[in-house]
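Undergrad: Sequence:
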Amino acid sequence: MHAGIDYQRYLKEIDTTQADLDEWKSKYGDIAQKNGWMPVSEDRSADDQEEDLRQRIFLTKQNIASLQAANPDANFSIMSPFSAMTNDEFNTYVLNSSSCNSQDVGITGYSQLSDEDELLSAIDEHPVIVAVASGNNVWKQYSGGVVSSCDSWNLDHAVVAVGYDSSSIKIRNSWGTYWGEDGYIRLARSSSKEGTCGVTSDMSTPQM
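Numbering that gives the first Met the number 0 numbers the first residue of the sequence shown as 0 and each following residue consecutively.
Quick caveat, the hints were computed from the structure, so don't treat them as lab data. Built from N, CA and C at the ideal position, the CB exists for glycine as well. One should not assume that every hint holds.
[Said to hold, decoys possible] Restraint ranges, calculated between C-beta atoms of paired labels, are given here: (1) Lys139 / Ser166: 19 to 27 Å; (2) Ala18 / Gly144: 56 to 64 Å; (3) Gly162 / Lys139: 18 to 26 Å; (4) Thr15 / Ser191: 18 to 26 Å; (5) Gly144 / Thr15: 50 to 58 Å; (6) Asn153 / Glu180: 22 to 30 Å; (7) Gly134 / Ala18: 38 to 46 Å; (8) Ser191 / Asp164: 15 to 23 Å; (9) Trp174 / Met207: 34 to 42 Å.
[To be verified] Below are the SDA-like pairs computed for lysine to any residue, each with C-alpha atoms no more than 25 Å apart in a straight line: (10) Lys139 / Gly182; (11) Lys139 / Met207; (12) Lys192 / Pro205; (13) Lys169 / Ile128; (14) Lys139 / Ser110; (15) Lys192 / Tyr177; (16) Lys192 / Leu112; (17) Lys169 / Pro126; (18) Lys169 / Gly144; (19) Lys192 / Thr176; (20) Lys139 / Trp174; (21) Lys192 / Gly175; (22) Lys139 / Pro205; (23) Lys169 / Asp123; (24) Lys139 / Asp123; (25) Lys169 / Gly134; (26) Lys192 / Val146; (27) Lys139 / Asp155; (28) Lys139 / Glu193; (29) Lys192 / Val145.
Let the hints inform the model, and build the full structure from the sequences given.
TA: As structure tokens, then:
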């Protein structure tokens, strides 16, 4: 049902782990019960809906991890079938038994923005995923200030636009707080279609 190199490796690792457990139990007695959700074989997914969902979630994570970092649209497309996504902020771990109080965030699809004006309007409502060209010295050596000149064509990195002012767009990167301005970079606003570092070339916002 679920083909792919990653999934086959996953099944092989499960079988290896099960074999090790069986060998251990044969030496010391059946004192431990199997208490995991991972299937012994792929056949279980045919008649176990919960198990099938677990397998699909595993494959979804693998698919997202294998996508190009600058392809947020594809990530939304893969995630949208799993519309019930729990936000950890609303589901703090508590060491007791109680009813489930998680709140779901439903992603039904995504929309692409076409220009800087649409980007700024969207930022007024929420952060926006944008693709940028980061494989250059401007990004690698950035330590602060407003970037006004940068490669705008070789999009290779997905980041989040979180704010703006009259002259720049503020971007949150994923390279740690020691990079840039505590992990952020400011890109000059531009009248070009691509924008500085390509920031307005590929912009996506989820539909909730």
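Undergrad: For each hint, tell me whether it holds in the structure or not.
TA: Do the hints match the structure? See the list:
1. Lys139 / Ser166: 19 to 27 Å: holds (23 Å)
2. Ala18 / Gly144: 56 to 64 Å: holds (58 Å)
3. Gly162 / Lys139: 18 to 26 Å: holds (23 Å)
4. Thr15 / Ser191: 18 to 26 Å: violated (54 Å)
5. Gly144 / Thr15: 50 to 58 Å: Hint holds: Cβ distance 53 Å, inside 50 to 58 Å.
6. Asn153 / Glu180: 22 to 30 Å: holds (23 Å)
7. Gly134 / Ala18: 38 to 46 Å: holds (44 Å)
8. Ser191 / Asp164: 15 to 23 Å: Since the Cβ atoms of Ser191 and Asp164 sit about 19 Å apart, the hinted range of 15 to 23 Å holds.
9. Trp174 / Met207: 34 to 42 Å: At roughly 28 Å between Cβ atoms, Met207 and Trp174 fall outside 34 to 42 Å, so the hint is violated.
10. Lys139 / Gly182: Holds, at roughly 12 Å.
11. Lys139 / Met207: Not OK: Lys139 and Met207 at ~34 Å, beyond 25 Å, violated.
12. Lys192 / Pro205: OK: Lys192 and Pro205 at ~22 Å, within 25 Å.
13. Lys169 / Ile128: holds (12 Å)
14. Lys139 / Ser110: At roughly 30 Å apart (the allowed maximum being 25 Å), Ser110 and Lys139 break the hint.
15. Lys192 / Tyr177: violated (31 Å)
16. Lys192 / Leu112: holds (11 Å)
17. Lys169 / Pro126: This hinted pair holds, its Cα atoms lying about 10 Å apart.
18. Lys169 / Gly144: holds (11 Å)
19. Lys192 / Thr176: Given that 25 Å is the threshold and the Cα spacing comes to 30 Å, the pair is violated.
20. Lys139 / Trp174: holds (10 Å)
21. Lys192 / Gly175: violated (29 Å)
22. Lys139 / Pro205: Not satisfied, since the Cα-Cα distance of roughly 29 Å exceeds 25 Å.
23. Lys169 / Asp123: The hint holds at about 13 Å.
24. Lys139 / Asp123: violated (29 Å)
25. Lys169 / Gly134: holds (19 Å)
26. Lys192 / Val146: holds (17 Å)
27. Lys139 / Asp155: holds (13 Å)
28. Lys139 / Glu193: holds (20 Å)
29. Lys192 / Val145: Distance ~19 Å between Lys192 and Val145 Cα, so the pair holds.
Violated hints for the displayed structure, listed by number in ascending order: 4, 9, 11, 14, 15, 19, 21, 22 and 24.
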